[in-house]
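Visitor: The task is simple: from the sequences and hints, build the whole structure.
These protein sequences, in sequence, are chains E and W. Counting from 1, one number per residue, gives the positions in the first sequence under my numbering. Counting from 1, one number per residue, gives the positions in the second sequence under my numbering.
None of these hints come from the bench; they were simulated from the model. Keep in mind that this is a model prediction, so the values were computed, not measured. Where a beta carbon is used, it is the ideal one built from N, C-alpha and C, also for glycine. A couple of the hints might just be wrong.
[As the list claims (entries may be wrong)] Covered by chain W, per the in silico footprint, the following chain E stretches (three or more residues, Cβ under 8 angstroms):
id, stretch
1, 154-166
2, 229-235
[Stated by the list, open to error] From the structure, some residues in chain W lie toward chain E, with a derived Cβ separation under 10 angstroms:
id, residue
3, Leu52
4, Gly72
5, Pro148
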Amino acid sequence: MDSRPHAPENIDTDKTEENKSGSRPVDANYTAANGLLSRRHFISSSIGLGSLALLQAQPGYGSQLTEPPPSWQKPGNAFSNYGQQTDREGSPIRWISNHPVAQGDGVSWTPHHQLEGTLTPNGLHFERHHNGVPSIDENTWEIAVHGLVREARAYSIQDLLRMPMTSKQCFIECGGNSNALWRNQPIQTTAGYMHGLMSSAEWTGVKLSTLLDYVGMDTNASWVIADALDSAGVSISIPIDKALDDAMIALYQNGERVREEQGFPARLVLPGWEGITHVKWLRSLTLTNKPLLSKYETVSYTDLLATGKAERFSFEMGVKSFITNPSPGFRLESRGVYEIKGLAWTGAGKIKTVEVSADGGSTWATAALENTQAHALTRFRIPWHWEGQPAQLVSRATDENGSVQPSRDALVSSKGSNVYYHYNGMTLWGVNEDGSIRHVY
Amino acid sequence: MCTSAWSTARAILTMRILTIIVFSVFAQTGIASENLDKPLIEDTHNSSSNILGRPLSATEISALDTHIFPDGKGLPEGSGDATSGESLYKSSCASCHGSSGEGGSAIELKGDRSLLNTEYPDKGIAVYWPYAPTLFAYIQRSMPPEKPYSFSNDELYSLVAYVLHLNDLVDNATLINKQALSAINMPNRNGFTDIEAKSTW
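Guide: Put into structure tokens, the structure is as follows:
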């Protein structure tokens, strides 16, 4: 694909305004080649809406609009103590991939292609466990804070619940998310199972700096080693600057207590940083002046370059986006206007712009953005007119630091294809004339 | 005066009505009204916050000190050699890691360093692991997956000796203990570049 530098000034965004007078043909509504439209055009268009179908049986439409609905004629179902997602064919679930013997070693993906908005439902937040989910009794649980401190102390859940708290929407992305795209052939799967080791929630908890303030941190302390209670014995070293900046001991996830598979009773949340650093099921925090350099900081979660050298402490997740719909697994059923939508995020903080191309990156149009707060998931949307032509749909995000999401070619050229972690290149969806969609390079 | 008395009476009446409304709402929602007698927010910002938590005892602090660092700090007493490690490996590890560390359902334990720049290279112990004491820590805390934290220190040193031997880093009879393991200079020790933080090792 074309990976030339972006030149947004070439896109004539004024054309839509001119069309309001009716003096220009429909073509003038396009903001980039191959059917990308202005946002306004979606609403006022005379071009019909297309229909997007997941590849599964579609229920037929009956004559229900001509009859009194049955639900008017009997009382509804009972209240429920804890609501579940609507039970219907195709209800979104996490797909799981785990080790055949050590079954607690594996992942489950967030099905982003079946979700909307910018927050992940708690039951669909991705998982990466190294040896299963421990069951922790919060009534006997304590977190120990020790090492280079004035006074080593332990805090119970009741202690933490009394401390001042803060809330923040924050994505968590596994370092290995999207790693199939390092392969030299495009894999065929849905968007969620390609990029779904990334989820977002509103996390609420106690800032790590608050806890470190209580124990009186030694000025020589430069790392915090966080230990987990899981049976893989995960230990991760956090630089003290991050610990004192925006790191949080999260107790709540989207308003309810953190789920067991997300680290109950307490986990770390380190905004913008690689998933492994968001240590779940916290047991202890050890202040030291050297990192532990555990297996998870040396052998795993290091980025092997083409040179044979590996990058270590590559904490911040790069600027990234992908199109959730249309995407593989769906089919464009009819010609007309579709909303291209997707997700963008950056470890650096805020997403500034997302551009979308329908011709594989030759021309770009700017998408509308929702939820651009730092470290949140940003939703992008742009209307697109499909007339049955082949297309290559791709998105490209730029963050507040001016970092631009690279093309896959550019990323592989600079780092090689053995990195395994930190894939943040673009993802192309190839739309065929029959409306089917495939992952392409 | 008359106006003032009327105002007071009206205020009392209003409060009573409000009280009735408030209690009826609580009755409907099932909220116990006595909970409202407790303060909703307690001050945790000043020195009184020190009452939260409890000091750790010296015994607890000592027990928490389980980390094994790259220089071998934290390694326990004990020892073992590759010969003793081999039989333990066969019974506890080979079913996943292969009969001689070539990998299986679990990762390979040895590999070819010349392949580091090919697609999906082995990240074997001599190829990729920068520090030998990390082997002890990892096997201790994670292996075997069905029963982690179960090997004795002598068993752990034996297993470490065996996998080091598989990688031609020690010979069959070398006794591996805290000192010996700390002294091993792994081939890929300098294979890493620190990006966003500097290791002080």
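Visitor: Does W:Gly72 meet its interface restraint, that is, does its C-beta lie within less than 10 angstroms of any C-beta in chain E?
Guide: The hint is violated - W:Gly72 has no Cβ within 10 angstroms of chain E, the shortest such distance being about 12 angstroms.
Visitor: Please check whether W:Pro148 passes as an interface residue: C-beta within 10 angstroms of a C-beta belonging to chain E.
Guide: 5 angstroms, holds
Visitor: Examine the stretch 229-235 of chain E: at least three residues should have C-beta closer than 8 angstroms to a C-beta of chain W.
Guide: holds (count 4)
Visitor: Would the hint on W:Leu52 stand, with a C-beta cut-off of 10 angstroms toward chain E?
Guide: Since the shortest Cβ distance to chain E is 4 angstroms, the answer is holds.
Visitor: Are 3 or more residues of the stretch 154-166 of chain E near chain W, judged by a Cβ distance of less than 8 angstroms?
Guide: holds (count 7)
In the structure shown, a violation is registered for the earlier hint numbered 4 alone.
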